[in-house]
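Number of protein chains: 2
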Amino acid sequence: MKAHIDLRSRRNFLLKLGYGATLAAVASYAPSIFAETAAKFLIRQSTEMLPLHFNENSLGMSVKAMNAAKQALIQFGNRYAVEHYNGFVSELAAHHKVSEQQLILGNGSTEILSAVVTYAATQNAVVIEPTPTFGALKGYSENHGMKVIGVPVDDEFIIDIAAMKAIALKQNTPVLINLCNPNNPTGNIVKHQALVNWISNAPDNHIFLIDEAYYDYAVGIDDYQSMLSMIQAGNDKVVVSRTFSKIYGMAGMRMGYGLATEKMAALIKPFAAGFNINVAGIAAASASLTDTEYYARSLASNAHSKKILTAALDELSLDYVPSHTNFILHRLGKPLESYTSKMLENNIKVGRKMTESPYWNRISLGTPDQTQQFVETLRAFRERDWV
Amino acid sequence: MKAHIDLRSRRNFLLKLGYGATLAAVASYAPSIFAETAAKFLIRQSTEMLPLHFNENSLGMSVKAMNAAKQALIQFGNRYAVEHYNGFVSELAAHHKVSEQQLILGNGSTEILSAVVTYAATQNAVVIEPTPTFGALKGYSENHGMKVIGVPVDDEFIIDIAAMKAIALKQNTPVLINLCNPNNPTGNIVKHQALVNWISNAPDNHIFLIDEAYYDYAVGIDDYQSMLSMIQAGNDKVVVSRTFSKIYGMAGMRMGYGLATEKMAALIKPFAAGFNINVAGIAAASASLTDTEYYARSLASNAHSKKILTAALDELSLDYVPSHTNFILHRLGKPLESYTSKMLENNIKVGRKMTESPYWNRISLGTPDQTQQFVETLRAFRERDWV
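Each protein sequence line maps, in turn, to chains B and R. Heads up, the first sequence is in my numbering, so the first residue is 1 and it goes up one at a time. Heads up, the second sequence is in my numbering, so the first residue is 1 and it goes up one at a time.
If you're looking for bench data, these hints aren't it; they were derived computationally from the structure. Hints are supplied without guarantee of correctness; some may be wrong.
Identical copies carry no separate label here, and so any pair may be met within one copy or between two of them.
With a straight-line cut-off of 25 Å between C-alpha atoms, the simulated PhoX-like cross-links for lysine-lysine are [as the list claims (entries may be wrong)]:
{"hint": "1", "residue 1": "K307", "residue 2": "K349"}
{"hint": "2", "residue 1": "K353", "residue 2": "K40"}
{"hint": "3", "residue 1": "K269", "residue 2": "K147"}
{"hint": "4", "residue 1": "K138", "residue 2": "K269"}
Turn these sequences into a full structure, and let the hints guide you.
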């Protein structure tokens with residue numbers, strides 16, 4: 001019975017009255033007293049919440065990163081991180097083989113997105129992005145009163161580069177193109193050559209924000225490459241954003257950065273954090289950069305979970321978009337809303353509406369164990385015709 | 001000799017050669033080999049750096065805050081701080097007796113300044129501020145291409161409210177008035193009634209950003225009060241910023257916030273961090289709010305250090321601005337530049353140029369022990385006619 005505790009105050013009340021031992025049996029008869037209050041859809045026998053809705057890395061950050069963060073907050077929690085900032089920028093520049101002036105640090109990569117938008121707002125730019133994609137940039141743009149043009153993905157969730165390009169060329173203002181690659185919430189990629197062709201031939205009033213939050217999960221995939229190479233080749237139109245939130249498991253530490261040519265970085269930097277980064281985050285990020293064992297383990301864990309999940313989706317004949325990220329967008333047999341609430345009753349947070357159709361859900365890959373628990377619940381849902 | 005190690009690579013080289021024992025004696029003859037390299041101005045016998053240049057709280061954060069931060073990064077370092085954010089906003093609102101909608105969280109209070117500036121930029125506002133004051137807001141404003149009008153303080157470093165008011169009324173655009181109260185780098189206050197009179201009678205196109213980073217050090221001083229009361233009374237023209245960097249010793253954790261009416265807060269919030277706050281910082285701030293023992297100790301430590309420092313400045317007949325902060329702006333007998341470099345040779349970071357005259361320095365109050373070490377060095381400087 002222990003696993004059921006805390007799910008419903010009504011249940012706790014009854015347990016306190018001594019009804020615990022027979023509660024399950026009673027509940028299965030579903031008398032009117034339970035109609036509204038009992039956990040009608042409870043299957044999973046664990047009260048541990050599975051947070052599979054924010055594309056976090058459930059593995060947790062590297063032990064070395066954690067120790068570095070602890071040490072930093074003990075020693076330097078009361079100090080501005082000026083020196084740590086400088087040291088880290090230096091390490092990161094070496095890591096990416098760029099100059100320090102090409103780096104823009106942010107409180108998470110969302111701040112890089114925000115800084116690029118603020119700069120683009122000063123240029124009266126129009127924003128063009130695929131629909132669906134990660135929503136933060138659109139939000140920032142709307143805060144600045146900018147026009148945001150969403151270009152729908154095709155039936156297979158593939159980003160329509162040709163349509164985006166045509167719309168961009170029609171604008172008589174500067175254009176900020178927002179491309180999350182691999183894309184969120186679809187998990188698929190924009191082909192490298194298509195992107196290179198577009199950017200190479202784009203007019204000078206185009207800025208391309210390439211959000212590579214999920215870059216590490218796509219490395220080695222056919223047709224995928226980071227846009228960093230174009231920056232290294234001197235293209236001023238490209239800003240790449242990266243984050244320590246995903247592969248490095250540091251979402252709560254707020255560490256992200258942007259890469260651009262020195263010229264472009266100088267234009268964006270005034271609107272980003274500067275030294276305004278927390279010391280624990282800097283220390284953790286610095287330690288993460290050199291922890292290649294953790295990096296490999298983090299990748300392997302995600303790949304393992306992806307196998308567990310795709311096998312189950314195949315088995316249940318639930319379509320999904322082949323993913324090169326730490327999440328999968330998959331089809332539901334029932335509308336998202338009812339599915340989400342039933343999953344929540346089983347202490348699994350599965351997501352929110354992200355596509356036009358209510359029959360798709362973006363599920364984050366937990367650890368293999370968590371993914372296994374999710375998959376078992378999903379199978380049980382299917383047996384009950386809930387998915 | 002140990003205390004001298006690491007100060008000059010030349011000295012280390014000689015120490016390695018075995019010259020250590022006689023080095024001090026040799027150096028005092030200053031043969032040509034030492035002319036450029038020896039630590040000519042070394043007095044303080046400690047290699048521990050005293051960072052008295054950034055107005056940090058050298059006491060360090062509360063042990064409860066530190067433990068909470070450690071726990072948070074272990075448990076939630078890999079999670080976005082959405083729930084922690086909501087919980088903390090709730091606590092902070094209760095602490096200040098305002099609604100949750102009146103709070104704007106930021107990565108340090110500088111982000112609140114930045115958000116207010118970004119909002120003001122969308123209104124094409126002109127910025128008016130005293131000179132000297134904390135420089136971040138001016139920097140943000142210039143990044144947005146805004147006009148910044150500096151209004152000099154008087155001969156006693158008192159902010160010229162009448163002049164600022166007159167200039168503000170002359171603008172035919174919206175006006176953002178930046179007032180750090182108590183002011184940095186002067187340490188003195190703007191009188192409460194003068195500010196209330198100004199704000200109460202100001203036109204609707206005025207926004208007053210009252211930066212109360214040093215508020216806690218001034219509580220109880222005659223003629224000083226927070227501007228929060230005007231917000232609580234419903235004045236839409238006022239934004240108050242506060243920080244956990246000073247009295248709570250959390251500069252490296254990046255926790256600050258703004259207070260305004262719900263109407264005003266809603267206009268500023270789109271340009272601030274939102275959920276983009278690190279979990280360790282939130283946990284530390286949350287623990288700090290209830291650690292009244294630490295708060296009292298932090299205040300007492302600062303007051304003790306202030307006594308030590310002002311006694312020494314009196315004794316050395318070095319003028320200073322009476323301070324209600326964790327730093328003191330004081331007169332030098334010699335120009336700042338030579339003083340700063342000599343102090344650095346003694347492993348004391350004392351500041352940088354902040355006033356028009358090169359004969360003033362802003363020194364942060366360290367712990368009483370650190371302040372004592374500084375004061376002893378200052379006395380020795382006087383004996384050598386260096387200050």
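Quiz item: How would you classify K138 and K269 at a CA-CA limit of 25 Å: within, between, both, or neither?
Solution: both (20 Å within a copy, 16 Å between copies)
Exercise. State whether the alpha carbon distance between K269 and K147 is at most 25 Å within one copy, between copies, both, or neither.
Key: both (23 Å within a copy, 20 Å between copies)
Quiz prompt | Homomeric proximity label, K307 with K349: Cα distance no greater than 25 Å | solution = within (20 Å within a copy, 56 Å between copies)
Self-check item: Intra- versus inter-copy proximity for K40 and K353 (alpha-carbon distance at most 25 Å)
Solution: The answer is within: 23 Å in one copy meets 25 Å, while 69 Å across copies does not.
Figure legend: structure checked against the earlier numbered hints; every hint is met.
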